[in-house]
Each structure stands twice: as C-alpha cells, then as structure tokens.
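**Student:** Chain by chain, the residues:
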Amino acid sequence: MRGLVICWMLIGGLGFLIFPWYVTGDGFFSINWILEYSLEDYGSVLPQVFINKKYWLLPILLPLIFPLATLKLNQNNPLYSKIFLYSGIIGFIYFFLQGFSIGIRGWNFEILQSIFGDVENQYGVGSGAVLTCCTFVFYITHGLSARGWLNGDNFIVGSIGSIIILVSTFVFFPIFRMFTVAFKGTEGGYEISNFSDKIFNKGIWGLDCLYSDYACGVFWNTITMGTLTAFSSTILGLGFALLIARTSFKFKRTIRILSVLPIITPPFVIGLAIIILFGRTGVVSSFLEWGFDIEPSRWIYGLPGIWFAQTLAFTPIAFLVLIGVVESVSPSMEEASQTLRASKWQVFKTVTLPLMRPGIANAFLLGFIESLADFGNPLVLGAEYDVLSTEIFFAIVGAQYDETKAAILAMILLSVVLVVFYLQNQWLGKKSYISISGKGDSGVHPELPNKTKWVIYSTVLPWALLTFIIYVMIMFGGFVEMWGVDHSFTLRHYIEAFSVDWVKERGFLWTGTAWNSFNTTFTIALISSLPTAAIGILTAYLLTRHKFKGKNAFEFGTMLSFAIPGSVIGVSYVFAFNVPPLELTGTGIILVIAFVFRNMPVGVRAGIAAMNQLDPHLDEASSTLNASSAQTFRNIILPLLKPAITASLVFSFVRAMTAISAVIFLVSANYDLAVSYILGRLENNDYGLAIVYSSALIVVMLITITLMQLIIGKRKLGRRDQAAGILQGNLG
Amino acid sequence: MKKAEVKFENITKKFNETTAVDNVSCKFEAGTLTTLLGPSGCGKTTSLRIIAGLERATSGKILVDDEDVTLLPATDRDVSMVFQSYALFPHMSVLENVSYGLKMINVNKEEYIQKSLETLKLVNLEGYENRMPSELSGGQQQRVAVARAIVLEPKVLLFDEPLSNLDAKLRRQVREDIREIQQKLGVTTIYVTHDQEEALAISDKVIVMNNAVIAQEGSPKDLYNFPKNKFVANFIGDANVVKAEILNKQSNSYELKIGEMKIKVQSDKNFEKTVSVALRPEKILINKDKKENSIHATVNNASFVGSSYQYILNSNAGKLFVISGETNDIFKVGEEVFLSINEEEVKILND
Chain L
1 MRGLVICWML IGGLGFLIFP WYVTGDGFFS INWILEYSLE DYGSVLPQVF INKKYWLLPI
61 LLPLIFPLAT LKLNQNNPLY SKIFLYSGII GFIYFFLQGF SIGIRGWNFE ILQSIFGDVE
121 NQYGVGSGAV LTCCTFVFYI THGLSARGWL NGDNFIVGSI GSIIILVSTF VFFPIFRMFT
181 VAFKGTEGGY EISNFSDKIF NKGIWGLDCL YSDYACGVFW NTITMGTLTA FSSTILGLGF
241 ALLIARTSFK FKRTIRILSV LPIITPPFVI GLAIIILFGR TGVVSSFLEW GFDIEPSRWI
301 YGLPGIWFAQ TLAFTPIAFL VLIGVVESVS PSMEEASQTL RASKWQVFKT VTLPLMRPGI
361 ANAFLLGFIE SLADFGNPLV LGAEYDVLST EIFFAIVGAQ YDETKAAILA MILLSVVLVV
421 FYLQNQWLGK KSYISISGKG DSGVHPELPN KTKWVIYSTV LPWALLTFII YVMIMFGGFV
481 EMWGVDHSFT LRHYIEAFSV DWVKERGFLW TGTAWNSFNT TFTIALISSL PTAAIGILTA
541 YLLTRHKFKG KNAFEFGTML SFAIPGSVIG VSYVFAFNVP PLELTGTGII LVIAFVFRNM
601 PVGVRAGIAA MNQLDPHLDE ASSTLNASSA QTFRNIILPL LKPAITASLV FSFVRAMTAI
661 SAVIFLVSAN YDLAVSYILG RLENNDYGLA IVYSSALIVV MLITITLMQL IIGKRKLGRR
721 DQAAGILQGN LG
Chain W
733 MKKAEVKFEN ITKKFNETTA VDNVSCKFEA GTLTTLLGPS GCGKTTSLRI IAGLERATSG
793 KILVDDEDVT LLPATDRDVS MVFQSYALFP HMSVLENVSY GLKMINVNKE EYIQKSLETL
853 KLVNLEGYEN RMPSELSGGQ QQRVAVARAI VLEPKVLLFD EPLSNLDAKL RRQVREDIRE
913 IQQKLGVTTI YVTHDQEEAL AISDKVIVMN NAVIAQEGSP KDLYNFPKNK FVANFIGDAN
973 VVKAEILNKQ SNSYELKIGE MKIKVQSDKN FEKTVSVALR PEKILINKDK KENSIHATVN
1033 NASFVGSSYQ YILNSNAGKL FVISGETNDI FKVGEEVFLS INEEEVKILN D
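Heads up: the protein sequence lines correspond to chains L and W, in order. The numbering of the first sequence is our numbering, which starts it at 1 and goes up by one. The numbering of the second sequence is our numbering, which starts it at 733 and goes up by one.
Rather than coming from a laboratory, the hints here were simulated on the basis of the structure. Predicted, not measured: the structure shown is a model, and the values here were computed from it. Backbone N, C-alpha and C fix where the C-beta goes; we use that ideal spot for every residue, glycine too. Honestly, I wouldn't trust all of these hints.
Claimed, not checked - If you want the footprint, here are the derived chain L segments under chain W, 3+ residues with CB under 8 Å: (1) 508-520; (2) 627-633; (3) 636-642.
Sequences are here, hints too, so could you generate the full structure?
**Tutor:** What follows is the structure, given as structure tokens:
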C-alpha cells in the first residue's frame, strides 16, 4: 500500500516538475519537448511560474506534497485518511478553478478581472497537468478507502472515482457546456431574450404544412419521421421474427444474416443505394420510363426517401429485439391455452401477442430513438425535409454558423430522446411479462395460424429480397462507370481509391485517395476499442459485484451516453473542448475520446451480461483465498470474461469504423475519417468512389467479425453462445 | 493445524428493512464441528458469510481467538470456505485451483505445488491434479473445493450447504469424508445445512436457527431428545406437537391427558392448565386391539416407503404422524386403532 502511495506521489511530482504543464503545439502525446527542450514553450510549472509569470500555478504544490506527512503515520490513524482526502479535494478544486477561470485571453469572467486585475493568458492542459490531476484523484479515493469506504478497498474506490471523473468530464461537462451556449447572447455574455427568440421559433415548432404549402417546423418533421420509421420497422421486424421463430420456412439461416447487417453497414450506404435505384437516373426509374413512360421524378428526396432508408436500416434492429421476445414466450403458456380448447388463431391473439406487447413497444421506442439519432440518411436523402440531427450539423458547419441555434436544437433533440429512453427503461422495464426461469420449459411453440403466416410471407419476403438487392448493388456497383448512365465494367473507382504503386528505392506508395482516411479510421478505431472495452468491463464489474451508495446514479451516468444522439455529442464536444482548459478539437485524441464514451455503454452492457453468467461465489471464493479485489479481477474475472472482452473490443472497433453523427463535427484536415471522406464524395456526386469505399468497409468489417467468431468459437470453456449473444444483445 | 474459537457477540445483520440475523450471540468451540441448521431464510448462511468476511455485520462483534475481526475483509481473514456451488475456477486446473490461495500469499512455487499435492492426496484425488474442473464428477469437484480450502491451514473452515448439489446416494459418503478430514485436521469447522439428518450425523454441536435468531443449541442427542420448543421438535425428527391437559401437578411431576391417554411427565418448569408436548413418530405404537390407557384413532392415510410404513391418523389429540417398522402386518385406511407411548418418550415443550 505504501508503495502505491509513493508511486502516485512520484507521478504527481513528475507531472508538476518535469512534464510540460500546457498543451504543446505538436499534440498531447508528442515527445518533441524532450528532444528540443525549451523552458518557455514546454516548461513544467516552475518555468511557467518564473518565466511566463503564471504565479497562480504555484499553490498547487502545497496539496501535492502535503501527504508526505502521512509517510510516518499508521494507516488506521484517522489523521491519515483526512490528510489524503483534504489534500486531494483542495488540490483538485484549485486545479479545476484555475483551469476554468483563466482562459486564452486572460480571465474568463469579468468579475474576476475587477477583483484581481489583469493576468497572463493560459492554454489547455498538457501532460504534466493531467498527471498532477490524476494524483489528486488518487489522494481523494485513497483517503476515502482509508476511511473504510467499500471495506477499505483501494482498487474499488479508485476505479469508481476514476470512472466518475471520466464520465463527468467527457459526458456531463460537454452537455452542460452546450446548455450554457444555448443561453449565449449575440454580443457575448448571456441573455435570456436571444435564447427565447431562438427556441420559440417557427422554424422549429411551425405547423404551416397542415394548411399551406410551407414546410412544417423541424421538430414536427423529426417526430413524424421517427414515428413512421418506428412503426414500419417494428412491423417488419416482428414479421421477420415470427418467420424465423414460428414457421418452418426453409431459408431461415439466410434471413438470420439480417441481424449482422446493421453492424457492418456504413452510414450512407442505404441512402446511396436508394438513390441509385430510385433516383432520377436510378435503375428502377429508368426502367419505368422505358417501359411505362413514367416521368422520372425526385419523389425519393424528402420524407419518403428517409422513411424508406431508415426502415431498411432499422428493421434488423427491431428484428433482433423481437426475435428475443418471440423466442422467450413460454411455450407451456401457449400449450396451456391449446389444452383449454383455443384454436391456433385464438392462441396467437389471446396469449402470444399480449405476452409480446411490452417487447413490441420496446422495439417501437428503440426504432424511434434510432431514427431521431440517425444522421446519414436524412443528410443524403433529406433535400428540403429538415430534421433535428442534420439541422444541428448545418448550424455549425454551414454558412450561417450559429452556435446558439445548434445548442438549442441539440437540447430539443436530447430532451425528446431522453424522455423516450426514460419511458423505455422505466415503464417497459417493469412491465415485461417475459422471464426465463432456470426450470426447463420443454414445450413446443404452436405453428402460426395459416392466414397470419401468409400475410407474413407476402410482406416480409419481398422486403428481404429488396434488402438483399441493395447489398448486392453496393458490392458490385463499384465496378461500373456510372450508375444509371454508363454501365460498362471498370476498375477505375477502385484504382482511384485504393491504388498502391511500387517505386524503386521508396518501396510501396499508397497512392489511392482513400488510403489516408482509411488508415486514420482504422488506427483510431483500433486505439479507441481498448479503453472502451476496459472501462466497459470494469464498470460492469463494479455494477454487478459491489454495493455502494449512489450506484443507481452511477449506472445511469455510464449508460446515459447511449441515449444521447451522436450529433448532440458531436456538437457538445465542439463547444466544450474548443477552448482551455481542455483544448482537444482538431486532434486525434478527441476522436478517440468521442468513440470511447459513445461506445462505452455497449461495453458495459456486454460486461454486465457476461458477469451475470459468472457465479458470484467465484469472486467470493477468490477473496476468501486471500486474493485482493484487484487480484480477483485480474485472475478470475478477466480470464473468464475473455469472450465478452473480445466481443466488446470488436464491437467497439466496428462501431468506430462506421460512426458518423458524432465525429462529423470533430474531424479535421489531419484526422479525416472514412465516413467524412465518403460524405465528401457524395456531395460531389462522385457515387462510384463512395460505393467502392463503402463496400471496402463492409468487407473489412465482415472479415473482422468472422475472425472474432472463429476465435471465440474455438474457446473450450464456458458457454459457447455467450459471445454471439452479447453481440446481438448490444444492438437491442 | 491451527485451532481457533469463534465467538458471535450480539451480531445483527440487516439488508435494508429485513433483518437476516437478529442479535445473535454464540460460541463455536475450537477444534469442533458446529452445524448451523434451519429452514431457508433463517439467517444461517448470512451468519456463515459474516464469519467469512463476505458480509459485514450491521452491529455486534465477531471474535476469532479473542481477536476482533468484525471489520476485517475476507481477504485478510484466516478463514476458508467451501461454497455450495463449489465455485471452482473453471479456467484453472485442479492443481491451480488448490494452489491459488498459496500463490496469493506469495508462497514459493516448489512449496505450493508440494503442499497442494499433499492436500489432494488427503482428499483422495491423487493423480487428478492436471484435470480441469469440468472433467470431474460432482463428488470429485466437491473434494477439490475442500482441498482448496484446507490447503491454507485456516483457523476456521466454513461449509455452505456443501452436499446440496450431490445426489442422495453420494451425500452420505461425502459427509462422512468431510467429518473424517475435519477430525484428522482438528480444525474448527462451521457447517451450514437445512438437512436435519445431515446435521445430526456430522456435528459435535448443532445450532438451530429460525427467523434470524437461535431457536436452540446443543449436542445432536440433546436436541433430538429434549427439544425446547415446537419449532425444534418439529424441524428435527418431524415430532408431533400436541396439546395436553394438565390433570394434576406435584412439585415437578405433571399428570397429563393426551386424547384419552393419561400419562406422568417430569418438568422443572411451571405450567398452567395445558401444555404442548412432542411425540416422536417412531415412538408411537399402533395396536389393533383396545389397550388400557391409549389414544383412540382411525387411519387416514398409509404409505409404504420401503423400510417402514408411514401413517397419518385422526385422533382426539389431533392429527398424528406415525412411523411403523412393521411392513407386513399393516393397517388399512379407515381402520380403528389404539395408540400407546412410553412415559419417558413424551417431552414437554417450554413454549
């Protein structure tokens, strides 16, 4: 224990005395400061204080070294924990205050200026400041555990503390910043009038479309889109689920592939496919013109197109939720109903459907949330039909650059989604009729009534065929000159995107235009998957195995970012991390952070699912055998969770490869991502390249997922279908 | 092996509103095997987990050899536990499982392997050290769990319903093995079960718990022969608890009337009017012919269970459960019979 304390004191000391206190021009992790040391630019605290006159940094030293006094104290001495706790808190608060009150132009708040007079400016925190801050967090958690919190377990208290700090910094703080931006006046400062002008706006709430030719407000557009999509995807999802679970349809396995589609589909693919099928020069439109003289029109742009694309995109998600529901309706209840003289149709109507009702509502709400958060499809197909997620984007990147408007729209979107998320969790969580008990339920589900079966066949199968065609088109569309115009075979697009040249002396040259963004995407997705899985599994362990005060709030906090639409995250990151103390925009780090905190709930869910399958007696056995909680976590939990860890690694990797809505705000010239590159191609009507790139991404992700399933499938131990279950559960 | 005495001093454990253990004080003598016996939810497992350090008592003190360990986490207690589910680490071999605890306290490799092998020999699992837990039978897994616990030479060894996952035939064998090992090592052992037969067979002392408190404690024989209250009488050995009328009382000798039967029983406690008595089902004798001073009854139900017949009889003393070793000359449903019982087999219950 003493060793750990000294270790952290050293880390803090290094951060304070050696590492650069402020972020350097070459990036957070750059080690240039070692190579060309300059006290002015790369200085730690002391040079900053004496050369750059940042005297306010000096007091940080006090709480940092004060705990040295404990080295001679017994751990059980109440003074020991107090010294750590108070040093940590004071250090942390002071650090926090100085960071926020002094910005790039000196004082951030006028009132402070009038009290203290002028100060030098300061930049974002650098590695030194971060290390120092970590030491303060350690002091606080060590102080708490020395007081006997959670059985005095340093590892547990430390983990909880760190996760709280991380989630507050990267989830709650940006959202809070966004709220403050919403109240910003046009001339700087904060005003209510500007806020109310912008929020009570016809563009948001207007209902003109009901009685005139003008468009309705963006709020109503969004709600309409969400409701339509949720409705259609739930119906189709239920159809697919019944088809798989309750009929003797022959090609079930093929239909099952549906469940993987949403994971591997890059964001614009479906919109793109719809355009090349039904757009003005699309295949279907051309055929209709040629065969039936139907004038090609732009009907696909706007609500019909978005609805169409989103239904295609989200039906598999509804299917995944509903297949679980359909399969878990206990057959013995249906058999009971049959023995009570109910006909097939009566069984279905009076037992099966009512039992599935909460599950269906769940799929509906989920579809609604997904639709509202969707960014790619409305962007490609929306045309004049504005919805919240894209409006936020245009408010930031468009010609009108209006921070307040973006923040207000984001607030509205966030509120709607949170309300629905809350409904889904609270209301449905309690209402579920389905419980799988440990007792064997060996009954057989009855067949569907014939009429129902035929209704399902006739709606679901054509839809499956359409989905199939769309993916085939994407895979082969890259091989033609130009869709709708010139269908001759070519490798031109592939060469343009992914060509590699061999030059003597210089070796391989990645000359394709897509390589740059592809490599960035791949690297960043890979890097971000590690912390995502780590934080996810650790959080799951804390949530399932430890009782502590405020656990519910802790759980809510870690799961919250799951409900926040990507565009809201993206825009709030722009507001929060553009200025000191955390200057991250334009770096690769902000992309990694965005991925980590966006995908973390997935890791948490995977972890919780896997932890629930582990007998808690295993950890207890380990602790009665003298292992500390950290040792138990490492020796017992981690090895047994290997499948879950692999699954969440791969899953967060794949999600990071295809995420668009959050990162579109955060990409920069140095860190361009695949999705934003594709978007750029689309905006130039360069569909060939976009298709080629998308199909390449699909292939890469398919390979990754297949490899993962092979690796996990080979593991001897444990429940074999666990990882697959987790992968599917994540979508639900 | 070290022997330690474990003491509970006014231990209370609350989970939110429910009290799992209510102000319990008791002693577990050094080197003996004590059983905590009771129906599910009586607080026996919680008490065991408090000793292990897996739960923290809400109030009260727990002493191991007069050292207060109340606040010590499980990791730092010299106590090992065998879990109901065995909790063998599925990703480790038998040897790795057994040596896990030794590794955690940084015993060197040679020593922990040697010790683990010795312990495996003790539980008759020589040659199984490289198997995975999934390749063992239930009984073998159980023995690995025991080996893993005793290899650390703990001061106290805990068993949480160790036999409940074994089939009935194996249970008797394994419980004898456990008792044998315990006596060989002489380690203080605390054993939780809900099976009264198991408890009586294995223990030096039995503590019967009910509704979060101790109902009675004592040697197996004492508990069987002198149950203090209805709960213990009924829980151990399925005794019939019936009301008896006090006809006459002379110092500590009572004359009681049970049904039509009059009987003399000793008790130092003072009772008025009526008293509850326990009648063991195997001590009640059934006669075809009318007998002096007997209880008149009719057969309500008769079932054959192999070694004996079990009857339920309606009598003036209430419904009576009787076990009869006679399996040839049986009584039919509806038949009128006469029940008798020896004076010394009638036990007055204190409450």
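**Student:** Does each hint hold? Answer for all of them.
**Tutor:** So, going through the hints one by one against the coordinates:
Requiring three or more residues with a Cβ within less than 8 Å of a Cβ of chain W, the coverage given for the stretch 508-520 of chain L is violated, as only 0 such residues are present. Counting residues of the stretch 627-633 of chain L whose beta carbon lies closer than 8 Å to any beta carbon of chain W gives 4, which reaches the threshold of three, so the coverage claim holds. With 3 residues carrying a beta carbon less than 8 Å from a beta carbon of chain W, the stretch 636-642 of chain L meets the three-residue requirement, and the given coverage holds.
Comparing the model with each earlier hint shows a violation of hint 1 alone; every other hint is respected.
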